[in-house]
Amino acid sequence: MEKRVTFSKWTIGILFAVPQLVLIFTFFYWPAGQAVYWSLTLQQPWGGGNIWVGLDNFRSILSNADYWNSISASLVFAAISTGLAMFIALVLAALTDRQLAGSRLYRVVLIWPYGIAAPALAMAFRFILAPEAGFMAVVNRVWPGFWDPGLDGADAMASIIVAFSWKYVGYNFIFFLAAFQAIPRSLIEAAAMDGSGVIRRFWDIQFPLITPTIFFLLVINITESFQDSFGIVDIMTAGGPANATNLMVYKIYSDGFKGLDYSGAAAQSIILMLLIIVLTIFQFRFIERRVHYR
Amino acid sequence: MTIIKRGLAALAVGALGSALAMPAFAEPVKFDFWFGLSGDLARVVDTLCKNFNASQKDYEVVCTSQGNYDATLQNTIAAFRAGKQPTVVQVYDVGTATMMLSGAYKPADKLMEENGYKIDYADYFPGIARYYATSKGEMLSFPFNSSTALMYWNKDAFAKIGKTEAPKTWEDVGADLKAMKDAGYECPMAINISANESWQLMEQFSALHNQPIATKSNGYGGLDARLEVNKTKFVQYVTDLKKWYDAGLIKIKSKDLGQDMVQAFASGTCQVIMTSVGDHGTVGKTQKEGMNWDVAELPVYAGTERKNSLVGGASLWVLSGKSDAEYKGAAAFLNFIHDPKTALFWSTNTGYIPVTKSGFDYMKSTGLYDKAPYKGREVAIASLTASEPTEITRGIRLGNFTQIRAEFGTQMQAIFANKVSVQQGLDALVKNGDAILDRFQQTYPGKTLP
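From first to last, the protein sequence lines stand for chains A and B. Positions in the first sequence are counted from 1; adding 134 to them yields my numbering. Positions in the second sequence are counted from 1; adding 1279 to them yields my numbering.
Extracted from the complex, chain B is given alone in its bound form (with noise of 0.2 Å):
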């Protein structure tokens, strides 16, 4: 059976080779991207790539949403297994560790250097590119989508207690959700308790007050990292929101409740939320008319020195096992998405950050900040820039760090159904997360991050 399908195959790859050779009629390279965007975000994705095909003549990239993050890895790892993976992909952040050590891909800085594209490495934002580079700095995908959270307040819910500016410690939010709830607010905060809000509120919340998640720099220094939330000021955050949750100054928004936090916010029935700067536009939208809102960045314990938020988001991969021609349209068109008229196309269409520095610059020489829609999307940026990325800081690099996530939400859950303690939640969070990084370190024996 195989034999005769391989023969198939061999024919038809020469004969399409065949065709390929034909100089005249040379037809642009196809090569496909697979994406893990829906909805809005991929029919911007979708005239990026219209753009791409424009903008030159030798190669065409055929674009592909997987619907989602999960089902984009799940389903690169199937077709890379029966030898039909796509040649660029979009990996989310906490996919990284896992690609690293896939040996599936090609690192994108040599495949810009083989294909004589000069870029410029230092233009990242450093906090976006070391989340995805090597322990050594080196790239091996490119920053695409890229956001961090922020905190959304309602100026008008803020007035009638007698405040202009968002809360900058977590000692005054706790002042401000009391005044408020005083003040007749129902909701004064929103919150969610999922495996997706690990990310704003512990790896966010821990890089802030430069936190360690994990030992050995969050994972970078090895797979023998494990998990160290249980004894940080985390377990401070945790016990304040639960407090917090039981005076009734936080209530839990979810899409199973009914209503998700950003739609909670957007109505105007919760005053504050912590999401993505990419749900700005989504407020903007949908917000409830005439209501008076803005974003800031995510608050601190009292007397603590802020360091840089983390990036969320995903990267572009080049996987293995193409041919040339593939890996020039590859190039082509990473260089093309670096490009900052391309950064300003992305960013405004979606609410995602700019990568770079000159995209950035790119952007506010336009006056793009100063306008309704998009004005405050650049405390995005003061948040990632607030300072140097450090060993903690820069990301997290755990293996299989989705089940981790999924671990967050159950002790969460957990912790605010009052089944356990909140050291004992987060305790339990530690050990059931390390046993799926012992799982982890087990299954690439002999291997070690790049």
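Only chain A is shown next, with the shape it has when bound in the complex (with noise of 0.2 Å):
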């Protein structure tokens, strides 16, 4: 008779995913539940009480102009960030690919600026883009008045996604140089011998090869957009000029705590988390369709 361990009863079983379970339900699904519950109340910010008030609170925020706002400066720098994030780094990542003079030192230092902390990395380029002092100024000097992030929205904008698409080039690069290199050389130089050039072995061997790398990180960029980008907004601009770059993370932020609106708070991020589900459902089933995996 074949010896082979199993487990008798299925509670053995549980009891092993229980940690997990906990895990999750206490840093996920917990305050997740919290934040329903808040949206649907209105909260004294000392926990005198609380008022049920039901969907009130989404209706305010959906009533509101500035919301609107704040969700389309959301999806525009979403859009032109990962875009440039991901177009930069596959450029790159191609290149390094090349195995070019100094492809191991590129190697190295371009993963660099995904490990700076988005405040720290925010300051920096708050001095770069700086109209009277910074490397910006100089154009100024050329072209009085070219550069105006403190009352120029659209400038303000592109700063901020100047400095998250920089940081997370980085992130993206190590993904694809890693998708690359997964592809068998022997496709390549078979290619080469038969006489394609470099961009035709680009488009029809390589791109299609790493389509679920583009694929993954279209999702993660995205995602990442959308959350993380509080810290650079918060040292850059903090929501200005005039809202202009008040994100959806960062009038969370604002609202909940500067303004102690708790509820208000908690109903934006139910309504961003829908946001990004919805996004990413429309990723997987538009877009997957037209990914190859091997």
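Check the hints yourself; a few may be wrong.
[To be verified] Cross-link-like lysine-lysine pairs, in silico, DSSO-like; alpha carbons within 27 Å at most:
(1) B:Lys-1601 <-> B:Lys-1397
(2) B:Lys-1329 <-> B:Lys-1363
(3) B:Lys-1564 <-> B:Lys-1601
(4) B:Lys-1439 <-> B:Lys-1710
(5) B:Lys-1329 <-> B:Lys-1385
(6) B:Lys-1521 <-> B:Lys-1447
(7) A:Lys-392 <-> B:Lys-1363
(8) B:Lys-1534 <-> A:Lys-392
(9) A:Lys-392 <-> B:Lys-1447
(10) B:Lys-1654 <-> B:Lys-1567
(11) B:Lys-1726 <-> A:Lys-392
(12) B:Lys-1415 <-> B:Lys-1442
(13) B:Lys-1521 <-> B:Lys-1434
(14) B:Lys-1460 <-> A:Lys-392
(15) A:Lys-392 <-> B:Lys-1495
(16) B:Lys-1510 <-> B:Lys-1522
(17) B:Lys-1329 <-> B:Lys-1636
(18) B:Lys-1522 <-> B:Lys-1434
Hints are computed from structural coordinates only; laboratory data are not their basis.
Since each chain comes alone in its own frame, lean on the hints to assemble the complex.
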């Protein structure tokens, strides 16, 4: 008779799963449930009590023009910064993968930006992009008034997009490079011997083979651009000028913690969560079709 | 889980209690004080705490900086909800309405009375006391670090245009700025238009001109107060500022752009700024070599009867849910801070003004205000006491005022970027601000301000 370890009771299986379940419950479902509850009430900040208001919080948020402005700013930010970060990382990774001179050095250096904390990097970019003192001051001297993130919303948006993309180029680069290096050399060499050039090899062989990575990074970048942008916005623009960079996640912070409107902020986080879920479903539903898994 | 936790906590408290009960080796009673100042100012607070601990043996205050005012309030609320609040906390001026409705404090006047300290509340400058007192005049918290806004002016630049005195009216300011521009100054005056400048641009201006910011005596009269800055003299003021900005007489200076206005003034780049008397020390320490400058009261429009300016800063609140021993310590601490000698230490080291008449007199008697780095700071007292506070100039008591200030910044930026007209921007400020006030009122149904 064959000996095999079996668990006679399903309870043992459950017992093994319990630590994980407890963790997930404590750190995800419980706070999320709390947020849902808060979003349906009006919370007194000091805990003096709350009133059930049903969907009033959502109604007042969704009827507020500032909130819609915040949603569209977030979408613009997500689209441009994801596109920029992925495109630049893809180009850099493709070039590094070609083993040009110094590619070992690039491989190390290009990963670093992701290791820098968002506030520190935002501080650096604030200096670099300061219209009176930084690098942009030179540009402003040539074209006076060209760069003014203090009053021009588009300039301020550009600043935070540049800072965020710079950070995520490093992150995307690691994944793209790994994906490129996982492609069998023989495929590329065979194509080269057949006479196809660098560009042709990229589009016909490498690009189709890394689509799973591209898709993965697309999902991650979009999600992160909604959530991880907080530190950069807080240091660089604080949501201004005139709400031009008041991204959803920053508005949650300022309404909730600065304004002590816990219920409104909870409702906003629910909306943000739903938006990210919808976007992710959309990506899986429509973009994943074009991904070739091996 | 929680039952075990509570059990453990009870055990710990019990053990602590019996340790404290042992008579001969009585350790001083420790209590926490959280404050929102950082950098240089935090070091001064730490010294203040050390001085208190050295002055007696029964209590020991543990002082912790929370970084800034916002964070202090947020952290205190979080701690309070978890039952771990400090005994004394520093809350900024505009947090006063939120504190009053929190139900989380022990009234300062009661605390002092219960512990046998006699505080002469009439000794406080009325402009300071009334900002923090209830509508009936009771002091729920202790005024601590206080300042007001002043105009800093560069004497050298004004000498160039033949002036030896600071302009007293906004009409003069306009003419002087124009003259300085013509004399070749790139930046006659610097302002900033973020949430923070609501204080000097909107709040101080309105007080000096006896103009309301909100109905119901700026909110002292009830939670149903609503903004009305879109139909006061403030509209004229913003219109003028915008006009001067368009003419290049005013530049916007902020940290995000490379240089904030205090730096711009100290370096001689800009010739006039309006900021807190608390920056007096910074300007003195960082100014360009040999630059002559002074401070003056903020200007008013010609024909205005000048009223007192508003106090800015923070007060000390004692939170509820602490032991009697800790309250005794807190009372001793507040009494220590109230002492004129502490006022002298505090004001000389920070630039904040003394909050009591006796403190001010004591400082004057030491000849402090005649000496170089401190000379000029007495102008702040003159500005705060320019008149007996009126219904409107005693202060602002509006819920979530931090958010209204943020809205001020947003709309000013929209106005200065030519996205909206002055009137449209201020109308939007009132509309959005009122929504914030509505929400605050709904959060506290049936409650009234004390």
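Going down the list of hints, with the structure as the test:
For the hint linking B:Lys-1601 to B:Lys-1397, the alpha-carbon distance of about 22 Å falls within 27 Å, and the restraint holds. Between B:Lys-1329 and B:Lys-1363, the direct Cα distance comes to roughly 23 Å. Compliance with the 27 Å bound is thereby established for this hinted pair. Simply put, B:Lys-1564 and B:Lys-1601 have alpha-carbon atoms about 42 Å apart, too far for the 27 Å limit, and the pair is violated. Taking the CA atoms of B:Lys-1439 and B:Lys-1710, the gap is near 45 Å; set against the 27 Å cutoff, the hint is violated.
Distance restraint check for B:Lys-1329 and B:Lys-1385: the Cα-Cα separation of roughly 25 Å lies within the 27 Å cut-off, and the hinted pair is therefore satisfied. Simply put, B:Lys-1521 and B:Lys-1447 have alpha-carbon atoms about 20 Å apart, close enough for the 27 Å limit, and the pair holds. Restraint check for A:Lys-392 and B:Lys-1363: satisfied, since their Cα atoms lie roughly 21 Å apart, inside the 27 Å limit. About 20 Å separates the Cα atoms of B:Lys-1534 and A:Lys-392, which keeps this hinted pair within 27 Å; it holds.
As the CA atoms of A:Lys-392 and B:Lys-1447 are separated by approximately 36 Å, the hinted pair breaks the 27 Å bound. Restraint check for B:Lys-1654 and B:Lys-1567: satisfied, since their Cα atoms lie roughly 18 Å apart, inside the 27 Å limit. At most 27 Å may separate the alpha-carbon atoms for a hinted pair to count; B:Lys-1726 and A:Lys-392 meet this at roughly 22 Å. Between the alpha carbons of B:Lys-1415 and B:Lys-1442 the distance comes to roughly 46 Å, so the proposed pair goes past 27 Å and is violated.
Only pairs whose Cα atoms come within 27 Å are accepted, and B:Lys-1521 paired with B:Lys-1434 is accepted, the gap being roughly 25 Å. For the hint pairing B:Lys-1460 with A:Lys-392, the CA-to-CA distance comes to about 39 Å; that exceeds 27 Å, so the pair is violated. Between A:Lys-392 and B:Lys-1495 the CA atoms are separated by roughly 25 Å; this keeps the pair inside 27 Å, and the hint holds. Taking the CA atoms of B:Lys-1510 and B:Lys-1522, the gap is about 19 Å. The hint holds against a cut of 27 Å.
Simply put, B:Lys-1329 and B:Lys-1636 have alpha-carbon atoms about 25 Å apart, close enough for the 27 Å limit, and the pair holds. A threshold of 27 Å between alpha carbons decides the hint, and for B:Lys-1522 with B:Lys-1434 the separation of about 24 Å falls inside it, so the pair holds.
Going down the numbered hints, you'll see the structure goes against 3, 4, 9, 12 and 14, while the others check out.
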